[in-house]
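Participant: Chains A and B are the protein sequences, given in the same order. For the first sequence, this note's numbering gives the first residue as 1, with consecutive numbering after it. For the second sequence, this note's numbering gives the first residue as 1001, with consecutive numbering after it.
Everything labelled a hint here was simulated from the structure, so no lab data went into it. We put the beta carbon where it would ideally sit given N, CA and C, even for glycine. A portion of the hints provided could be inaccurate.
Stated by the list, open to error - Restricting the straight-line Cα-Cα distance to at most 30 Å, the calculated cross-link-like pairs of lysine-lysine (DSSO-like) are: (1) A/290 to A/80; (2) A/80 to A/140; (3) A/135 to B/1110; (4) B/1169 to B/1264; (5) A/310 to A/222; (6) A/90 to A/229; (7) B/1250 to B/1267; (8) A/80 to A/146; (9) A/135 to A/154; (10) A/180 to A/95; (11) B/1074 to A/312; (12) B/1264 to A/229; (13) B/1075 to B/1110; (14) B/1228 to B/1038; (15) A/140 to A/154; (16) A/310 to B/1110; (17) B/1228 to A/140; (18) B/1228 to A/310; (19) B/1264 to B/1250; (20) A/312 to B/1169; (21) A/140 to A/151; (22) B/1169 to A/135; (23) A/290 to A/315; (24) A/146 to A/180; (25) A/320 to A/151; (26) A/310 to B/1264; (27) A/315 to A/90; (28) A/135 to B/1250; (29) B/1169 to B/1267; (30) A/135 to B/1074.
Claimed, not checked - Computed footprint of chain B on chain A, listed as stretches where at least three residues anywhere in the stretch have a Cβ under 8 Å from a Cβ of chain B: (31) 42-56; (32) 184-190; (33) 228-240; (34) 303-309.
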Amino acid sequence: MFEVLSGGAQTTVQDMGRSGRYRYAICPSGAQDNFSFRVGNILLKNSENAAALEMTVIGPRMRVQEDTVIAFTGADLAPKINGEEVDLWKTIRVKAGDIISFGQLRSGCRSYLCVAGGVDVPLVFGSRSTGTLNKIGGYKGRKLEKSDVIKTFKPEFPLHEIEGRSLPRKYIPSFLTEAKLRIIPGGYDYRLTEESFTEFFRTTWTVALNSNRVAYYLNGPKLGFKPAKQPFGAGSNPSNVVDIAYPIGSIQVPGGEHPVLLLNDGVTGGGFAIIGTVVRADLDIAAQLKPGDRIVFESIGIQEALEIRKEKADKISAIKDITDYPF
Amino acid sequence: MPNPGLPRYGFAGDEYIFVQVGHDMDLNINFQIQATCKAIMAEGIPGMLEAYPANTSYLVHYNPDEIEPDVLLKKIQKIGVRSEEFVPFDSRLIEIPILYNDPWSIECAKAFASNHQDPSVTNIEYVARINRMTVSEFIMAQTGLQYFMTMFRFLPGTQCFFPMVERSKAFSCPTYVVPRQWTPDRILNMGGVFIGITAHDRQPGGYQLLGRSPAPVYDAERRLVDLKESILLNPGDRIKLRSIEMDEYKALRASVEAGEYRFKIIKQTFEPLRYFEDRENYLRSLEERLRDV
Chain A
1 MFEVLSGGAQ TTVQDMGRSG RYRYAICPSG AQDNFSFRVG NILLKNSENA
51 AALEMTVIGP RMRVQEDTVI AFTGADLAPK INGEEVDLWK TIRVKAGDII
101 SFGQLRSGCR SYLCVAGGVD VPLVFGSRST GTLNKIGGYK GRKLEKSDVI
151 KTFKPEFPLH EIEGRSLPRK YIPSFLTEAK LRIIPGGYDY RLTEESFTEF
201 FRTTWTVALN SNRVAYYLNG PKLGFKPAKQ PFGAGSNPSN VVDIAYPIGS
251 IQVPGGEHPV LLLNDGVTGG GFAIIGTVVR ADLDIAAQLK PGDRIVFESI
301 GIQEALEIRK EKADKISAIK DITDYPF
Chain B
1001 MPNPGLPRYG FAGDEYIFVQ VGHDMDLNIN FQIQATCKAI MAEGIPGMLE
1051 AYPANTSYLV HYNPDEIEPD VLLKKIQKIG VRSEEFVPFD SRLIEIPILY
1101 NDPWSIECAK AFASNHQDPS VTNIEYVARI NRMTVSEFIM AQTGLQYFMT
1151 MFRFLPGTQC FFPMVERSKA FSCPTYVVPR QWTPDRILNM GGVFIGITAH
1201 DRQPGGYQLL GRSPAPVYDA ERRLVDLKES ILLNPGDRIK LRSIEMDEYK
1251 ALRASVEAGE YRFKIIKQTF EPLRYFEDRE NYLRSLEERL RDV
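Work out the full structure: start from the sequences and follow the hints.
Facilitator: In structure tokens form, the structure reads like this:
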């Protein structure tokens, strides 16, 4: 159990998200950096899907209310126990009364606090994740605030068996301020002019300030659409189509400006043409970009996308092996 | 009318297949999409997570660890071709009472007056005017239609309805110039030819505000019998709006709050071919049974 002394910028309960209900306009939510989140649970010998806290840029301040083991993964927010800095990617024993706090962000954007047993909030549509836009799940459907009390499930293993476990250095991802995201062009990409389609991949885009768990908005040049008669039932702008369902990771360009990369808490459908979709594993990388950071998109096909997917799966398997993960 | 180059099948990242079936909104296309998505779901393909019908397209979410993307795509193509034949399908007709030009829509419109094309009139007055009708003519026209639910979009339980009328007779309106930050729940709203009913209190939106339903169409707490699955409607269902006055609104609202309200719902088999043959008479015949409920 933890008592929240201050909530930080945006601290939410997340697991791997809700699936299978997207067609009812229920977005998945879930940890944005799936890799870092899962590694935290693997180190703690939790179920991979055990709920954790996702912290964004400015961490919370919390009081530990009963002895447990925790792990910090993801962005380096300079985590501290009782004012002393501690390692990320390592399981740490904490005692009742200990104070968890954070310093200045050093790298990345989203950090995870995983806890033995996992965070105990009710399942909503099969997941404990907080939807920041639809306000479902998590802790009362919202980010954490002062005086909230976060309960945890009883760990499956005795604490002494799970403390002091760390991730070998070679598996620790480094979070840079410029990332390459790989995307399969498609959807309505044919509606962009050829010059704009080329320019999209040539541009170094900047993550805009209003970016969040719903979407990243990107700053860069204006893109143009081919002149065409608007379809019946579509909005009047050439970037509009008759309403579609948006894939998570898809990119739309409303009015030709500020491409929008849709993330886990996104709206599930609407009337903007999508021009391509970022592969799942690269959304982990996107999650660690903060406003001001830069993105270059690389166009790939499905075979390459599957290889990227396999690389991540192999890395997770190797980590499970090396840490004697029991599940 | 076949669309050249369509349907267009494509991979969207490594977990989705996006299929564009048409350009223009058309029930011809949407009936096919509904049938295809239902068939994909029914097939029980391992690794296929869900098929999400939209207006002129659909999205398939799958797990590529369990099925080869190319294999799934080919299966979907086959199902798509099979669904080009119009076969009858289950479709419920649901009556939704609406208090048009209600005080909550007016209050919300006032709060966002600067976001609107013409804040000197209420939204429904604006919509009626640009369709060259009086408000009562507009209400008469709209309540005379059936609307077809094509998809969920945006936020949980938010549905999209398309008018079941020839294109030349469909009235329409622009959306707000600048979207609103909030809208009350249960508000009948319209953008283009589409309508919806807000599912959440204070949800953002940009459609014109026309009226309010005493009963919700989405309830996460599942307080009404008709909302035991949280949602009232599904794609493939139809609605008919009934204009009510404030007295009835209040009485129905009280019954909703007591947890006793029941919607008028009739289960029907919808025959697309009969619909295309003689739209008006066919819809009329389907509506007749509403009177007996």
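Participant: Would you mind marking each hint as holding or not holding in the structure?
Facilitator: Hints versus structure:
no., hint, in the structure
1, A/290 to A/80, "holds, 22 Å"
2, A/80 to A/140, "holds, 27 Å"
3, A/135 to B/1110, "holds, 26 Å"
4, B/1169 to B/1264, "holds, 27 Å"
5, A/310 to A/222, "violated, 35 Å"
6, A/90 to A/229, "violated, 58 Å"
7, B/1250 to B/1267, "holds, 28 Å"
8, A/80 to A/146, "holds, 18 Å"
9, A/135 to A/154, "holds, 27 Å"
10, A/180 to A/95, "violated, 41 Å"
11, B/1074 to A/312, "holds, 27 Å"
12, B/1264 to A/229, "violated, 41 Å"
13, B/1075 to B/1110, "violated, 52 Å"
14, B/1228 to B/1038, "holds, 21 Å"
15, A/140 to A/154, "holds, 21 Å"
16, A/310 to B/1110, "violated, 54 Å"
17, B/1228 to A/140, "holds, 21 Å"
18, B/1228 to A/310, "violated, 41 Å"
19, B/1264 to B/1250, "holds, 18 Å"
20, A/312 to B/1169, "violated, 54 Å"
21, A/140 to A/151, "holds, 13 Å"
22, B/1169 to A/135, "violated, 39 Å"
23, A/290 to A/315, "holds, 25 Å"
24, A/146 to A/180, "violated, 37 Å"
25, A/320 to A/151, "holds, 27 Å"
26, A/310 to B/1264, "violated, 51 Å"
27, A/315 to A/90, "holds, 17 Å"
28, A/135 to B/1250, "holds, 29 Å"
29, B/1169 to B/1267, "holds, 27 Å"
30, A/135 to B/1074, "violated, 38 Å"
31, 42-56, "violated (count 0)"
32, 184-190, "holds (count 4)"
33, 228-240, "holds (count 6)"
34, 303-309, "holds (count 4)"
When the structure is compared with the earlier hints, violations turn up for hints 5, 6, 10, 12, 13, 16, 18, 20, 22, 24, 26, 30 and 31 and for no others.
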